[in-house]
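Asks: These are the residues of each chain, in order.
Number of protein chains: 2
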Amino acid sequence: MKLSTKIIVFLGIALGCTIEINAQNQLHNYVDPMIGSEGDGRVFIGPSCPYGMVKPSPDCTVSPNSGWLPMPKEVTGFSQVHVSGTGGGPKYGNIQIMPFSGTLDKLDQTSHRVEENVKLGYYQTVFKENQIKTEITTAEKASFYRITYPKNTSKDLKIDPGFFLGENPEPNAREAQQFVGSQIEIVSDTEVRGYSRIRGGWNNGRAYTVYFWAVFDLPIAKYVTYKDGKFYSNQSAQFDSGKKTAALLSFGNDGKQEVNVKIGISFLSELKAKNNIEVEIPHWNFNIVLASLENKWEQLLSRIKLSEDTSIDYKKMFYTGLYHTMIMPVNRTGENPLWTNDEPYYDDFYCIWDTFRSSSPLITLVDPKRQVEIVNAMLNIYKREGYLPEGRSGNDNGRTQGGSNAETVIADAFVKNLKGIDYELALKAMLKDAEVSPGGNAEKEGRGGLNEYLKLGYIPYGIDRAGNRTIDYAYNDYNIATVAKGLNHTEIYKRYIKQADYWQNLWRSDYENNGSKGFIMPKDAAGNWLDEVVFGESKIQKPTFRYTPTITESPWYVCHWCVYFYEGTSWEYSLSIPHDIPEVVRKSGGDLAFQKRLDTFFDAKLYDVSNEPSFLAPTMYHWIGKPSLSSDRIKEIITHNFNTSRNGLPGNDDSGAMSSWLAFHMMGLYPNAGQPYYLLNTPLIKETTLALESGKNFKISTKKWSTKNKYIKAAFLNGKPFNQAWILHDDIVKGGELILEMDSKPSAWGTTILPPTK
Amino acid sequence: MKLSTKIIVFLGIALGCTIEINAQNQLHNYVDPMIGSEGDGRVFIGPSCPYGMVKPSPDCTVSPNSGWLPMPKEVTGFSQVHVSGTGGGPKYGNIQIMPFSGTLDKLDQTSHRVEENVKLGYYQTVFKENQIKTEITTAEKASFYRITYPKNTSKDLKIDPGFFLGENPEPNAREAQQFVGSQIEIVSDTEVRGYSRIRGGWNNGRAYTVYFWAVFDLPIAKYVTYKDGKFYSNQSAQFDSGKKTAALLSFGNDGKQEVNVKIGISFLSELKAKNNIEVEIPHWNFNIVLASLENKWEQLLSRIKLSEDTSIDYKKMFYTGLYHTMIMPVNRTGENPLWTNDEPYYDDFYCIWDTFRSSSPLITLVDPKRQVEIVNAMLNIYKREGYLPEGRSGNDNGRTQGGSNAETVIADAFVKNLKGIDYELALKAMLKDAEVSPGGNAEKEGRGGLNEYLKLGYIPYGIDRAGNRTIDYAYNDYNIATVAKGLNHTEIYKRYIKQADYWQNLWRSDYENNGSKGFIMPKDAAGNWLDEVVFGESKIQKPTFRYTPTITESPWYVCHWCVYFYEGTSWEYSLSIPHDIPEVVRKSGGDLAFQKRLDTFFDAKLYDVSNEPSFLAPTMYHWIGKPSLSSDRIKEIITHNFNTSRNGLPGNDDSGAMSSWLAFHMMGLYPNAGQPYYLLNTPLIKETTLALESGKNFKISTKKWSTKNKYIKAAFLNGKPFNQAWILHDDIVKGGELILEMDSKPSAWGTTILPPTK
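Just so you know, the sequences run in chain order A and B.
Going by the numbering used here, 386 is the number at position 386 of the first sequence; the sequence numbering is gapless.
Going by the numbering used here, 111 is the number at position 111 of the second sequence; the sequence numbering is gapless.
Check before you lean on any hint, since a few could be wrong.
Calculated lysine-lysine pairs in the BS3-like style (CA-CA distance at most 25 Å, straight line) [to be verified]:
(1) B:Lys383 to A:Lys243
(2) B:Lys369 to A:Lys383
(3) B:Lys296 to A:Lys383
(4) A:Lys244 to B:Lys383
(5) A:Lys432 to B:Lys244
(6) A:Lys455 to B:Lys455
(7) B:Lys369 to A:Lys432
(8) B:Lys244 to A:Lys455
(9) B:Lys296 to B:Lys243
Don't read these hints as lab results, they were simulated from the structure.
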């Protein structure tokens with residue numbers, strides 16, 4: 001398909017103008033991809049379309065998860081596929097290119113940045129060594145590079161499909177990506193094709209293949225190809241023999257200084273990658289690609305409008321939060337090498353354990369059609385591969401951390417009435433998790449320890465992550481009960497609503513710690529509580545370890561993912577019962593004792609702001625009728641941990657999990673995923689307007705909102721008094737207005753009609 | 001790499017002469033690939049190197065497992081990848097080509113054969129409709145076609161990567177292959193590249209991709225490409241968009257009538273496929289390719305020499321049996337898209353359930369180095385994917401039928417002292433099967449029902465294939481005990497030698513049938529024997545079914561693979577205890593009762609010659625000191641079921657399982673896989689000489705051998721009296737001679753020193 005040059009030029013001018021005119025008002029300008037890039041955030045900083053498959057970005061050594069590290073760290077090149085905000089071993093970093101200037105005899109062209117500029121959809125840097133400027137933008141499946149070389153220097157470019165992130169010399173090293181194969185072909189004087197095949201990484205996935213087709217707007221004057229340590233000046237192709245391949249290209253010294261490069265990416269084939277360029281970027285105009293990307297984001301971001309007088313910092317924090325929530329999972333529809341391409345296919349659920357709490361609900365609120373697609377993609381994975389994904393990356397399920405949390409995502413879609421999902425099929429998929437043990441594949445999918453869980457009503461100490469798996473499964477069982485009930489499967493409902501109480505089987509009611517009573521604690525298969533737990537399997541030495549609710553350490557020989565609570569303590573997980581907080585309150589000794597428990601949790605720094613298990617905790621005061629305390633905590637947490645700096649996220653963003661937590665709370669809403677309502681808190685934004693799928697709006701506005709007036713005195717939904725500190729999803733999607741009247745003191749508002757429970 | 005034309009011509013002449021001179025004496029001429037091609041045998045009839053990756057052959061409709069069906073069935077084309085002797089849903093049938101003559105506007109070029117000639121490494125047919133002659137031979141990874149068109153007709157060729165065997169309109173139909181994607185590119189006037197990506201099939205495997213590179217010795221004069229029902233005359237490539245693609249090529253009407261086509265195949269990439277041609281067939285000489293293939297087979301077949309006076313029929317049956325044993329599994333070393341290519345990789349274990357009994361032992365005897373490679377390939381699969389293969393095809397494990405029989409293969413290698421295998425790693429792999437349930441993946445790998453097996457000592461009725469799984473696992477546990485003992489892992493040995501008795505837990509000792517007593521029968525989880533078994537899961541209706549040891553049927557709503565005994569009856573499986581036949585004898589009521597039991601088994605046709613579970617049964621008279629009766633049964637079975645005709649195999653050859661059973665018995669040997677000895681029977685061959693790896697020979701020769709003298713009267717090993725009807729593998733590999741003195745009556749030979757047991 002070829003657009004005539006005239007049309008392209010016209011389009012370019014037209015779009016160019018639009019940008020010019022609207023630039024200052026556009027919301028995407030508030031997105032700062034650098035927020036959360038340093039410290040623990042690990043966000044992807046390069047250009048990406050919403051849920052975009054291609055994510056070009058610099059790679060600084062092979063170790064960082066997003067590829068990028070701050071200056072003065074050196075850059076090895078720019079690869080086309082990345083993830084955002086992840087922890088553990090890196091994934092992707094495929095099809096690296098690197099501009100350089102010199103001779104075609106050295107694969108390593110590492111350079112240092114003298115400047116770097118990043119905005120939504122745009123990355124730019126200049127290298128110290130050679131003054132080459134690289135600018136990057138991207139379409140969904142093809143990236144675009146504008147490289148400007150200094151005058152009269154050799155315009156050279158490395159294309160390296162042998163590169164990938166997280167390389168480890170140890171074969172099969174845990175969490176490390178491993179090289180399988182790569183290939184490269186100089187197709188013509190303006191085209192190069194090839195692929196990179198890599199396995200492993202954090203999710204220990206099977207091999208995946210990233211195909212590419214690169215096109216240049218200048219003819220290649222000279223090239224060498226590379227394989228396994230050697231350069232070949234007379235071979236235009238290096239076939240895959242399980243060795244690394246690459247090419248060094250030179251576009252010569254003369255003529256224009258700028259080389260434009262389009263890199264189509266595909267998970268099917270090189271020709272499909274070429275087609276992706278033809279469909280998405282049938283021209284050579286960098287600005288059109290950028291404008292199209294900006295436009296896509298603008299459409300999405302503008303579904304939530306903040307009052308004009310919102311501070312720039314808050315606008316940046318909020319829209320960047322929205323942005324980070326919508327760069328993953330990745331839309332690979334039409335790029336599925338495993339089954340048909342006639343249905344939605346998403347990859348990089350990384351992981352649902354992280355994203356089910358607030359990312360999925362935020363997507364549901366902003367873009368419900370997208371969430372339907374994502375849920376259907378999850379169901380398609382179940383249909384073809386047998387289990388729903390928990391983590392999934394590189395076209396392979398893996399790995400599980402706690403629950404089978406896809407069930408929460410499904411229940412959330414169900415209670416929020418998302419249409420276009422086969423919920424009977426979804427229930428089958430949920431039941432597969434809940435009833436068929438994944439056996440030796442428990443790290444890949446399903447519920448590890450399921451047999452014990454079903455037999456004993458809890459997972460006994462000794463099985464990996466027994467503590468958090470038990471309570472997560474109980475919640476997942478509640479999710480199943482929810483869907484079963486709604487579909488009138490009474491027998492299934494009865495069974496699962498009973499299992500939803502299984503967390504209680506690990507509740508050690510007389511156990512005291514830091515002044516609070518009752519904790520989820522280790523129990524053996526015979527039913528004995530364990531104060532001292534045995535680690536290791538030696539038959540002679542039986543070293544023990546005192547287990548307490550605050551414990552975060554474990555002996556050196558117990559792996560991170562084999563602990564009793566994954567990435568958390570009993571203090572955190574004992575509160576992580578999203579479907580039955582009233583019972584936790586009761587078991588904790590009633591409202592006052594629970595309030596003290598929460599206060600201790602936050603004040604004694606037992607709360608971990610950097611991870612997801614306690615995402616709901618700051619709002620839990622709601623269940624004892626004290627939403628004002630929730631608002632205090634939330635404000636405190638945001639103030640101390642979130643900002644617009646590069647360190648502006650307190651933990652791994654985990655595909656936008658941390659960011660969506662922030663965005664929700666800034667609006668004064670927080671979902672309890674899998675349940676049909678949001679908790680209401682003091683918004684950080686004076687007025688927020690949600691554009692709904694129906695075309696209507698829902699406005700959350702405040703009266704007398706000020707720094708001082710930080711408590712909700714009264715609320716009105718569509719003009720009527722609204723005395724509860726939570727609102728149903730249905731009430732929002734109907735459209736209308738929620739007015740929150742603010743005051744400087746806590747009031748009686750929200751103290752009597754408590755949030756729904758099991 | 002290019003050989004000079006001179007060298008090629010010289011090589012051609014040289015090899016041509018060699019063939020000329022030796023043709024009549026060469027053993028490969030006794031191979032008739034058509035034996036077992038009709039009826040149930042389902043052998044692959046096209047050319048194949050030993051363990052050859054490429055197996056070109058005609059496809060007659062999309063349903064037959066080997067592609068081929070007898071005339072007058074129509075031929076849709078010739079595809080490059082097939083399997084041999086399999087049952088169930090077909091696999092492969094990729095990269096189909098079809099010569100035709102006409103206009104380039106029709107994808108279907110189905111034709112009928114007027115003649116067909118097949119010999120080892122060579123296939124030839126002439127089509128009725130257009131008189132086109134097609135000849136095929138092959139290298140390991142590239143096939144070679146010589147197509148002769150009638151004078152002055154259009155020399156046309158279809159290349160159809162959209163074709164595959166076992167297509168089913170129902171998405172995800174069980175055992176059906178499903179289309180994922182395909183691609184085609186006309187690269188130059190003599191080259192076409194592309195691939196076919198297919199999933200499913202009998203083993204329900206993930207998608208696999210077969211890449212090709214086709215080269216012609218005439219330039220393409222004209223072409224059209226095809227995608228999804230439409231032809232394109234101006235597009236040289238059709239990229240993968242999840243639709244079927246193809247190309248119709250014309251080499252014109254003029255000039256020479258012959259078109260030669262080389263098709264390189266790869267599981268890595270098209271360029272690797274091209275490289276496979278360059279490495280294997282750097283010329284255009286059909287005869288050199290054929291001669292090279294013949295030579296490879298000759299090297300292997302000549303390791304067993306039969307006495308000159310052996311009848312042509314017996315020579316054909318024997319060498320064809322050897323041939324069929326060595327065309328699968330398939331050597332894909334260097335073609336592994338999943339991990340490294342630096343280690344042995346074999347695919348199409350299809351399935352080990354079929355081949356562990358006699359195919360693996362025969363390969364071990366003829367070509368121990370190859371067996372080491374195969375076992376290492378199995379261990380590499382365990383290392384990278386977590387479980388040993390049971391069935392494996394298209395780069396994916398699946399599916400299991402009975403035991404985790406890779407363990408028997410490993411034990412067999414261990415007891416036969418195969419060097420170059422890490423047996424500590426192998427033991428770990430075996431223990432993974434035996435100790436870690438595959439959960440929801442029980443059809444893919446590992447031991448389904450493992451938890452119950454370990455808890456109860458048997459698999460209770462209601463779990464799929466509970467009967468045969470229990471007794472197969474008990475044998476596999478014996479295999480583990482064998483290796484553990486040899487490696488001095490005493491604790492492991494003790495545990496597993498105990499579990500090796502678990503078959504006894506399903507032995508219902510008072511149950512009588514057809515005059516015999518004691519059978520493996522269904523038992524529920526509470527320990528009750530079941531006379532009537534409930535099928536189905538309805539809560540209201542509880543239809544029952546009377547279970548008897550002869551039952552082969554099951555209610556229509558119970559699937560083939562969910563029955564109590566897979567492909568067999570209790571009569572068969574109750575005898576299938578290869579490690580403890582003396583205990584079966586004792587439980588059956590002693591020697592006489594057991595003899596009667598075996599007699600009834602064969603005479604009342606309870607023995608199923610067409611399947612593997614009873615492979616050892618004819619030899620079981622050995623354990624009651626009556627090897628003469630074993631010999632009688634073997635002779636009877638071979639006479640009535642095996643011959644040189646197209647119907648010459650009584651059941652699915654199952655990758656050579658049936659053929660290896662025959663070849664062993666013709667030599668007078670039969671292995672008890674996993675144990676270090678062979679049973680000795682009356683050979684059908686007067687004298688057999690085995691060339692051993694050490695360079696020595698082992699000869700099995702007879703004295704007074706005749707139709708009448710069908711019993712062994714005495715035996716001498718290296719001149720010394722040898723009074724046992726079994727011989728250790730060690731005794732064979734030392735080299736030497738076993739002389740069997742024959743007589744017309746059974747003697748005392750072999751009646752006292754019974755074969756080894758647990």
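Asks: Taking the earlier hints as the rules, which of them does this structure contradict?
Replies: The structure conflicts with hints 2, 3, 5, 7, 8, 9, although it agrees with all the remaining ones.
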